[in-house]
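> Everything in the sequence shown is counted per the numbering used here, starting at 270 for the first residue and increasing by one.
In short, the hints are calculated from the structure, not lab data.
A virtual CB, placed ideally from N, CA and C, is assigned to each residue, including glycine.
Warning: the hint list may mix true and false statements.
Label-pair restraints from in silico Cβ distances [as the list claims (entries may be wrong)]:
{"id": "1", "residue 1": "Y485", "residue 2": "S334", "range": "38 to 48 angstroms"}
{"id": "2", "residue 1": "E591", "residue 2": "Q478", "range": "13 to 23 angstroms"}
{"id": "3", "residue 1": "K412", "residue 2": "K505", "range": "12 to 22 angstroms"}
{"id": "4", "residue 1": "E386", "residue 2": "D443", "range": "36 to 46 angstroms"}
{"id": "5", "residue 1": "E386", "residue 2": "K420", "range": "40 to 50 angstroms"}
{"id": "6", "residue 1": "E392", "residue 2": "Q474", "range": "51 to 61 angstroms"}
{"id": "7", "residue 1": "K594", "residue 2": "S357", "range": "50 to 60 angstroms"}
{"id": "8", "residue 1": "N447", "residue 2": "K594", "range": "52 to 62 angstroms"}
{"id": "9", "residue 1": "D443", "residue 2": "S325", "range": "19 to 29 angstroms"}
{"id": "10", "residue 1": "L471", "residue 2": "V565", "range": "15 to 25 angstroms"}
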Amino acid sequence: METSGKSGDPWQNDEAFPFIDNESGMGPNAPSIESAKYEICQQLKKHSCYDLLSVSSKLCVFDTSLLVKKALAALIQHGLQSAPLWDSTNERFAGMLSVTDFIHLIYYYYHHSSYEEALEEIEILKIRSLGEIERKIQAPHRKIDYIHPMKSLYEAARIMSENTLHRLPLVERDTDNNEMIISVLSQYKILKFIGANCNDKLKLQRTLQELNIGNYKDIVTARVDTPLIQVIENFKTHRISAIPILDENDRVLDVYEKYDVMLLAKEGAYYDLEVPVAVALQRRTESFEGIHTCAVTDTLYSILETIKRVVVHRFIVVDSPESNKLVGVAACSDILSYLVS
Numbered sequence: 270m271e272t273s274g275k276s277g278d279p280w281q282n283d284e285a286f287p288f289i290d291n292e293s294g295m296g297p298n299a300p301s302i303e304s305a306k307y308e309i310c311q312q313l314k315k316h317s318c319y320d321l322l323s324v325s326s327k328l329c330v331f332d333t334s335l336l337v338k339k340a341l342a343a344l345i346q347h348g349l350q351s352a353p354l355w356d357s358t359n360e361r362f363a364g365m366l367s368v369t370d371f372i373h374l375i376y377y378y379y380h381h382s383s384y385e386e387a388l389e390e391i392e393i394l395k396i397r398s399l400g401e402i403e404r405k406i407q408a409p410h411r412k413i414d415y416i417h418p419m420k421s422l423y424e425a426a427r428i429m430s431e432n433t434l435h436r437l438p439l440v441e442r443d444t445d446n447n448e449m450i451i452s453v454l455s456q457y458k459i460l461k462f463i464g465a466n467c468n469d470k471l472k473l474q475r476t477l478q479e480l481n482i483g484n485y486k487d488i489v490t491a492r493v494d495t496p497l498i499q500v501i502e503n504f505k506t507h508r509i510s511a512i513p514i515l516d517e518n519d520r521v522l523d524v525y526e527k528y529d530v531m532l533l534a535k536e537g538a539y540y541d542l543e544v545p546v547a548v549a550l551q552r553r554t555e556s557f558e559g560i561h562t563c564a565v566t567d568t569l570y571s572i573l574e575t576i577k578r579v580v581v582h583r584f585i586v587v588d589s590p591e592s593n594k595l596v597g598v599a600a601c602s603d604i605l606s607y608l609v610s
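Can you make the complete structure from the sequences, with help from the hints?
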């Protein structure tokens with residue numbers, strides 16, 4: 270298994286990640302793999318979302334009246350891929366601003382506006398107007414999901430799994446129905462908790478492909494000369510978070526991620542989208558966390574051990590580290606969905 274790079278995302282890089290003493294339990298009579306999943310779910314049910322919060326951390330929250338360009342600059346400055354939104358008029362949590370919003374923004378301006386009009390509109394566009402753009406491009410409606418921080422990690426994991434969410438805001442509501450945004454919980458943090466605290470993961474000695482975790486058929490890929498606009502349209506159409514870049518022998522060269530689109534939006538590159546994806550990759554900052562690969566022979570146990578040590582959002586599954594040919598893609602969402610299913 271290979272990992273590289275680093276991350277500037279403060280949601281992910283907690284120096285003191287909570288380690289909780291394990292409580293042993295036999296669980297039901299079941300094959301070891303199912304028994305391990307059962308014990309992991311029991312551990313998640315015993316602990317609340319609060320248990321994963323750091324003693325000291327920062328939280329970026331944007332008012333829906335904020336200009337999109339200022340929110341984008343703040344996200345990139347802090348190395349974030351998303352942030353909670355607050356409606357100050359109604360004094361309510363208003364959803365999440367994420368990379369998907371900027372993909373829709375670039376897609377809209379590329380197909381529905383001139384370059385000059387796009388630059389002019391983006392100067393005055395506010396976050397609350399992004400919903401109108403989504404309707405114009407007929408993007409799927411996104412629910413406003415959140416969870417109370419005292420709810421269990423299991424409940425949070427199920428909500429993320431069932432609604433295909435990478436992150437879930439923790440929102441507290443008092444007796445007067447006033448809301449307060451506490452933090453944001455990620456799939457990665459829950460998986461890291463499992464890797465650090467659940468001894469039963471030792472039973473998970475089967476490969477991701479054997480357990481059908483991830484995608485191994487009809488994988489959306491690109492070549493180094495694939496036009497960038499085609500990659501962006503694939504993000505919108507297939508609702509995926511990363512696209513492997515392959516050479517002529519299907520060896521993995523790189524990965525273009527949704528987060529890379531934020532740099533395009535920051536630079537105002539709404540029409541320079543016919544360039545090859547290889548050129549776009551040169552715009553990356555030093556905070557790029559790198560490509561994480563695993564071999565088809567790596568087990569779910571070894572994957573969780575890796576997640577315990579380094580920040581990972583997905584694994585590019587290859588036939589072997591030597592040939593590095595693409596076999597599949599397994600995201601944190603795939604792993605978490607399997608464990609809590």
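> Are any of the numbered hints broken by this structure? If so, which, sorted upward?
Of the numbered hints, all hold.
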